[in-house]
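Novice: Chains as they are written, first to last, in my numbering: chain F, 1 to 142; chain P, 1 to 449.
Note that these hints are calculated values from the structure, not bench results.
Bear in mind the structure is a predicted one, so any value in this text is a computation, not a measurement.
Keep in mind that a hint or two might mislead.
Claimed, not checked - Mimicking BS3-like on lysine-lysine, the simulated pairs with C-alpha atoms at most 25 angstroms apart in a straight line are: (1) P:K336 x P:K239; (2) P:K260 x P:K323; (3) P:K23 x P:K371; (4) P:K284 x P:K260; (5) P:K260 x P:K336; (6) P:K415 x P:K23; (7) P:K323 x P:K239; (8) P:K377 x F:K21; (9) P:K377 x P:K415; (10) F:K112 x P:K131; (11) F:K21 x P:K284; (12) P:K207 x P:K70; (13) F:K112 x P:K284; (14) F:K21 x P:K23; (15) P:K241 x P:K336; (16) P:K228 x P:K241; (17) P:K371 x F:K21; (18) P:K131 x P:K260; (19) P:K415 x F:K21; (20) P:K131 x P:K263; (21) P:K241 x P:K184.
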Amino acid sequence: MRLEYHVVGRDFQAAGGAAAKIKRTLRQIGIDAETARRVGIVAYEAEMNIVIHAYRGTVGIDILPERVNIYADDEGPGISDIALAMQVGYSTAPEDIREMGFGAGLGLPNMKRYSDELEVESQVGSGTSIRAVINLPTKEGS
Amino acid sequence: MGQLFHSVLLIEEKCRGCTRCIKNCPTEAIRVRAGKARINAERCTDCGECIRTCDNHAKTAITDSLSRLKDFEHVIALPAPALFSQFGREVDPQRVLAALIDIGFDDIFEVAYGADIATFLTVEYLKRRRKRGPAISAACPAVVRLIQVRFPALIDCLIPVDSPMACSGKLAKERKSQELEIPKENIGAFFITPCPAKVTWVREANKLGTFPVDGAISISDVYGEIAKRVPEISPPYPKLKASPTGVGWGRSGGERIAAKIAKSLVVDGIHNVIDVLEQLEMGKLSDIEFVEAQACIGGCVGGALTVLNPFIGRMNLEALVDKSEMPPNLFEELDKGLNLRNRLGEFAIQPDIVAVPAFRLDQDVSRAITKAEMIEKVVSELPGLDCGSCGSPHCRALAEDIVQGLAVDTDCVLKLREEIEILAEQLLEMAKKSPPALKENNTFSKPGE
Numbered sequence: 001m002r003l004e005y006h007v008v009g010r011d012f013q014a015a016g017g018a019a020a021k022i023k024r025t026l027r028q029i030g031i032d033a034e035t036a037r038r039v040g041i042v043a044y045e046a047e048m049n050i051v052i053h054a055y056r057g058t059v060g061i062d063i064l065p066e067r068v069n070i071y072a073d074d075e076g077p078g079i080s081d082i083a084l085a086m087q088v089g090y091s092t093a094p095e096d097i098r099e100m101g102f103g104a105g106l107g108l109p110n111m112k113r114y115s116d117e118l119e120v121e122s123q124v125g126s127g128t129s130i131r132a133v134i135n136l137p138t139k140e141g142s
Numbered sequence: 001m002g003q004l005f006h007s008v009l010l011i012e013e014k015c016r017g018c019t020r021c022i023k024n025c026p027t028e029a030i031r032v033r034a035g036k037a038r039i040n041a042e043r044c045t046d047c048g049e050c051i052r053t054c055d056n057h058a059k060t061a062i063t064d065s066l067s068r069l070k071d072f073e074h075v076i077a078l079p080a081p082a083l084f085s086q087f088g089r090e091v092d093p094q095r096v097l098a099a100l101i102d103i104g105f106d107d108i109f110e111v112a113y114g115a116d117i118a119t120f121l122t123v124e125y126l127k128r129r130r131k132r133g134p135a136i137s138a139a140c141p142a143v144v145r146l147i148q149v150r151f152p153a154l155i156d157c158l159i160p161v162d163s164p165m166a167c168s169g170k171l172a173k174e175r176k177s178q179e180l181e182i183p184k185e186n187i188g189a190f191f192i193t194p195c196p197a198k199v200t201w202v203r204e205a206n207k208l209g210t211f212p213v214d215g216a217i218s219i220s221d222v223y224g225e226i227a228k229r230v231p232e233i234s235p236p237y238p239k240l241k242a243s244p245t246g247v248g249w250g251r252s253g254g255e256r257i258a259a260k261i262a263k264s265l266v267v268d269g270i271h272n273v274i275d276v277l278e279q280l281e282m283g284k285l286s287d288i289e290f291v292e293a294q295a296c297i298g299g300c301v302g303g304a305l306t307v308l309n310p311f312i313g314r315m316n317l318e319a320l321v322d323k324s325e326m327p328p329n330l331f332e333e334l335d336k337g338l339n340l341r342n343r344l345g346e347f348a349i350q351p352d353i354v355a356v357p358a359f360r361l362d363q364d365v366s367r368a369i370t371k372a373e374m375i376e377k378v379v380s381e382l383p384g385l386d387c388g389s390c391g392s393p394h395c396r397a398l399a400e401d402i403v404q405g406l407a408v409d410t411d412c413v414l415k416l417r418e419e420i421e422i423l424a425e426q427l428l429e430m431a432k433k434s435p436p437a438l439k440e441n442n443t444f445s446k447p448g449e
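Chain F extracted, bound-state conformation (with noise of 0.2 angstroms):
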């Protein structure tokens, strides 16, 4: 199944609220614990990301039977160096949106670090895609 949000740039009071959705989704489903938190990190990762950089996206995930598919697209000004936004610490935050406690340079690194595959396409002055893929537990035994 497919779960969709919108996402608005600078929007912090919504700020949160499509991960949160989605994690309720896959407690309901009865996706592991473990799992669900890791879908979890990467779609708050990935909406706090366009809420900070970007002018409007979407987050989504598609639920398969073998993985959760984690998808972001946004209108924003894009990324110019992946690798450099890539490394822990680095940030283009402003600074206003630090002072709030934002943009610590974990977005990225943290999404890399809780999913199986990530892939991040950007084109400068017009967006970035973010594509994630988090393996669900092979069942043990039977």
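Chain F is already provided as a structure; the job is to place chain P on it using the hints.
Specialist: Relative to the frame of chain F, chain P by itself:
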């Protein structure tokens, strides 16, 4: 598996079927059906939030009554530190203990002293802990239950040591059984509790095995009896054994102060706790070492079974803490006296804390996914007002109830109105129709013209 016991319950006659409690329940455990609130046993955490928010006082807590004292040869009261906060700043806590004896207990073992032990166990556990990231105190039973139901990924982060209540029960029975040379089974230990969640914990733990506490009596039930006796009770008074930091566990922040853990986060009030747990689940706050989370505002002094306003209770308790002197080498003495360091295993939390999948839509994952898809569809067709008139806390919860066969879409008053409107339009259409014999300008024409 037997029916899950819950301390929190509904008084049917008092419930008027309003929607206040369903809106405020942190685990969405309540629905209003047929004009009465219904509590889902699997989801309820006994946090007491509904007791506090019900204007009709239709929610209450089952606790043990003093009549149970006669079931045992020897009975020990285990007063929560919060009890001391209920009688004003000037009251000598030793008089409170003496009043408990006068009510019918044979002996006292302060839970504040158990808190001193729990502090020691917490510090020892944190020293030995291998897992990285914040460790969460398991002292508040409503928070533990909340984690089991809503945050199962955080179960591993709970500090698996006995609560002050359990530590007290264990040591009290051990000592008395040696001293009086009677079996532990003949000794009854009763927690004087500020909250319903402890009542539930004691009942459930006793169902699953032997537990050192036999029952829980609410502070509000003994309050009057103690208050009456305190002014005139004569010595000898039982001596207060607990340290001020042990007594301080009765209010939020007390655990952190007692254990002296620098990187600590203290949070109270169940909705604030949920907010912090959400962040912990997201891997945030990873530099924090210790999280003290309490379901009630103010901590145990704010428990649903206390009498005073939580902030006044807090002030009273802090006055007592400030007045008392910290004994030197408290933890060394405790360790020496009780041989704690070699008995850490005996103070492991019981019962085991396991995930409670109370939100799962179906045992079968693919069926659960189908249901989740249906929920998305149903929720998109609901008005999104989250008014609660249907008896579910918000539109999404109604959608879940509809998909689970526990409600129908016309339970939504706006949906119902929509359908009535459609029906009314159809009726009007039909009412306008008249038989050909009555119609003017009938254009029936002869064939062939």
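Novice: So which of those numbered hints doesn't the model satisfy?
Specialist: none
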